[in-house]
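Enquirer: So the sequences go chain by chain: R and S. Mapping the first sequence onto UniProt numbering, position 186 (from 1) lands on 186, and the numbers just tick up by one. Mapping the second sequence onto UniProt numbering, position 88 (from 1) lands on 88, and the numbers just tick up by one.
Think of the hints as simulated: they come from the structure by calculation, not from any bench. Note that the structure is predicted; figures quoted are calculated from it, not measured. Warning: the hint list may mix true and false statements.
[Unchecked claim] Derived BS3-like pairs: lysine-lysine, alpha-carbon spacing no greater than 27 Å straight-line:
| hint | chain 1 | residue 1 | chain 2 | residue 2 |
| --- | --- | --- | --- | --- |
| 1 | R | K365 | S | K120 |
| 2 | R | K193 | R | K210 |
| 3 | R | K82 | S | K224 |
| 4 | R | K130 | R | K41 |
| 5 | R | K30 | S | K161 |
| 6 | S | K161 | S | K125 |
| 7 | R | K330 | R | K349 |
| 8 | R | K366 | S | K125 |
| 9 | R | K30 | S | K125 |
| 10 | S | K120 | R | K366 |
| 11 | R | K41 | S | K177 |
| 12 | S | K125 | R | K210 |
| 13 | S | K224 | R | K365 |
| 14 | R | K349 | S | K125 |
| 15 | S | K125 | S | K177 |
| 16 | S | K161 | R | K130 |
| 17 | S | K177 | S | K120 |
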Amino acid sequence: MCDRILEKLAILADAAKYDVSCSSSGSDRKNNNQGLGNGHKSGICHAYTADGRCVSLLKILLTNHCIYNCAYCVSRSSNDIKRAAFTVQEVVDLTIQFYRRNYIEGLFLSSGIFRDPDYTMERLVRIAKKLRTEHRFNGYIHLKAIPGASESLLREAGLYADRLSINVEMPTEQSLQLLAPEKKRTDMLHPMKYLSNEITQYQHDKKIFKKTPLFAPAGQSTQMVIGATPENDMQILFMSHYFYQKMQLKRVYYSGYIPISYDNRLPAIGTPVPMIREHRLYQADWLMRFYGFGVEEIVNPDYPLLDMDIDPKLSWALRNLHLFPVDINKADLSLLLRVPGIGVSSAQKIVAARRFHTLHYEHLKKIGISFSTARYFITTKADGFRERDLTPMQIKQQLLTIQRSKYRPNFSPQLQLF
Amino acid sequence: MQLLVYDGSFAGILCAVFDVFEYKFKEVRLVLANTQSGLLFGREHTVITDETKAARVFTGLSKRISARALTQLRLAYLSEQADIAGILVHYMQYAFTSPTSVETDFSHPAVLSVAQVARKVNREKHRMEAFIRFQLTTDQIYYAVIEPDFNVLPVIANHFKERFADQDWLIYDARRKYGLHYNRQELTVATITFEGPVQAKNSSAVYDASETLYQELWRRYFNKTNIEARKNTRLHIRHMPLRYWKYLVEKQPVRS
Ligand code: SF4
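Construct the entire structure; sequences and hints are all you get.
Expert: Written as structure tokens, this is what we have:
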């Protein structure tokens, strides 16, 4: 019995690890029932894997049996691998026992499609329901919504889960058709739309009725695989923009493709994971979500690709030097946020502090901005000094020189890429 | 230079501040009772720790600085850094003599030190909330041993109390030789005497029969979720410093 469960866990954790979402934030479910656990608004990472990613949830598949054959997926039906499936009770026990020992913040449950979407979804929901009602569990639960599952099951899932996600996997319909011909994009978008409406409704009701039952309080997320197919950054980011705007998604995750198959539609085994591109996409994503950037400012038909050697905010600033320098003592918050080297909290501190004093460069350094970067883009009446009349190329060269000398010892293998 | 001999408690520090104003001391240095600190330099005054006096100072303080700054003082105190008592007294002296709130005046050495030290302690608080690993004993108590650099047990207690409301647990600080016990109702301070060294590892006499299985499952899970193609040891160690590994289940060797 013990050996079998150890083996199942090994198989079903191994298959689930390619899903990059692991966040346990965004829900502060309270332990009001003297039960087990609570949510932590910003999440807690309990461990870190040897690749440096955080482990916050027990992330497993209910089963890696699948009736579909998506080329990019280890669980695809044509792949010759060991198969396993947990019972409902096994997943519940693992979650509770790991949680009680403080290994995890909760459960992230995904699954291959077993028999049909509803049959699979129904089991996922049963696990969440059992945790919440029988075990009075208030920790984090993230359920994968299975494309094609019925609305009544999706609704039930929302009542027990903190977050729901449906992975679109491929940034465009064409790629999906190429690599997962049995799947339809509408099967993913339709439930996403349904959940989006339900979540919006819940947030609306919550404002009016205090006792509204929770419905996926941490919202919805999705994942796109990057680098398996030829989409450019513009296509990817426009897709994300659509998800944020039209579907009110909380997060879009970008998963650099890890070659796992000899299928000739896909990059060969041994092709490096596009880690830097993935990183730049996350940076661009931040600009959209927290810095007030429109997607077309970051990428557009003239600039369809993100720069790999500098971050997207710096890249934008260098293309728009005519908007700079920004006067630190006058510019409004939204403009300060656009200065390379100034983050959200520094921008807020600047706005707060300048009500008391006229700010000098020395103040800015103390506030914690990255002055070596920001200096090219700011001015203060108080200091005469600023870098003048440099071309975008010159600024870029100077900044790259600083960065390289700073990071060279650590990043030498990555830098060889440039 | 006026030497103040105090008992090492937070209340003792508050009372030292009381005495500073009472006796109009100017330059002060705090020394712990029972230590031979150079009496060469100045006169010596013994601070009597008195809860009422301490409460008065604390109330006064809370009118001058924010709740957030009060928390910082407490965190800084828990650092147990050798010179922290003196820094706290200087901070409070400054707070009481300044007409405006001083907590963000980072040009003042005591204010800056408190902020820096509190940050370090706070970081370890978060790490302990993440890295504590409970083991279920035969008496059905979830038991964890920690050895934090700072004395963070008092500031993590509430987190665990709220989270694990329906289980008995005990977190033991092996470095400071005390623990906190929660019995589903209240928290109590526990001092335990062990025969021989404190054991972090599993010994079947003490631990529940399920314990070995779940530790093994967790280790298995931890190892399986790593993606070899993305290995990054430097990042791994930065997030999970080596000094904590001793008590981390997932960092113990896999049983064959
Ligand atoms: S449906 Fe999901 S689990 Fe099945 S092969 Fe496709 S991606 Fe993999």
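Enquirer: Indicate, hint by hint, whether the structure satisfies it.
Expert: Each hint tested on the structure:
1. For the given pair, K365/R sits about 21 Å from K120/S by alpha-carbon distance, which is consistent with the 27 Å threshold.
2. Proposed proximity of K193/R and K210/R is supported: the alpha carbons are some 25 Å apart, at most 27 Å.
3. Pair hint K82/R plus K224/S holds up; C-alpha atoms about 15 Å apart against a cutoff of 27 Å.
4. A hinted pair counts as satisfied when its Cα atoms are at most 27 Å apart, and K130/R with K41/R qualifies at roughly 23 Å.
5. Pair hint K30/R plus K161/S holds up; C-alpha atoms about 12 Å apart against a cutoff of 27 Å.
6. In summary, the hint linking K161/S to K125/S is supported, as the alpha carbons are separated by about 15 Å, within the 27 Å threshold.
7. Distance hint between K330/R and K349/R is fulfilled; the C-alpha atoms sit about 14 Å from each other, no more than 27 Å.
8. A distance of roughly 25 Å separates the Cα atoms of K366/R and K125/S; the hinted pair therefore holds under the 27 Å criterion.
9. In summary, the hint linking K30/R to K125/S is supported, as the alpha carbons are separated by about 21 Å, within the 27 Å threshold.
10. Between K120/S and K366/R, the direct Cα distance comes to roughly 18 Å. Compliance with the 27 Å bound is thereby established for this hinted pair.
11. The straight-line distance between the Cα atoms of K41/R and K177/S is roughly 32 Å, outside the 27 Å bound, and the hint therefore fails.
12. Between K125/S and K210/R, the direct Cα distance comes to roughly 33 Å. Violation of the 27 Å bound is thereby established for this hinted pair.
13. Taken as a hint, the K224/S and K365/R pair is broken in the structure, with Cα atoms around 43 Å apart against an allowance of 27 Å.
14. At roughly 25 Å between alpha-carbon atoms, K349/R and K125/S fall within 27 Å of each other, so this suggested pair holds.
15. For the proposed pair K125/S and K177/S, the alpha carbon gap of about 18 Å is at most 27 Å, so the pair holds.
16. Distance hint between K161/S and K130/R is fulfilled; the C-alpha atoms sit about 23 Å from each other, no more than 27 Å.
17. Straight-line distance between C-alpha atoms of K177/S and K120/S comes to about 22 Å, which keeps the hinted pair within the 27 Å bound.
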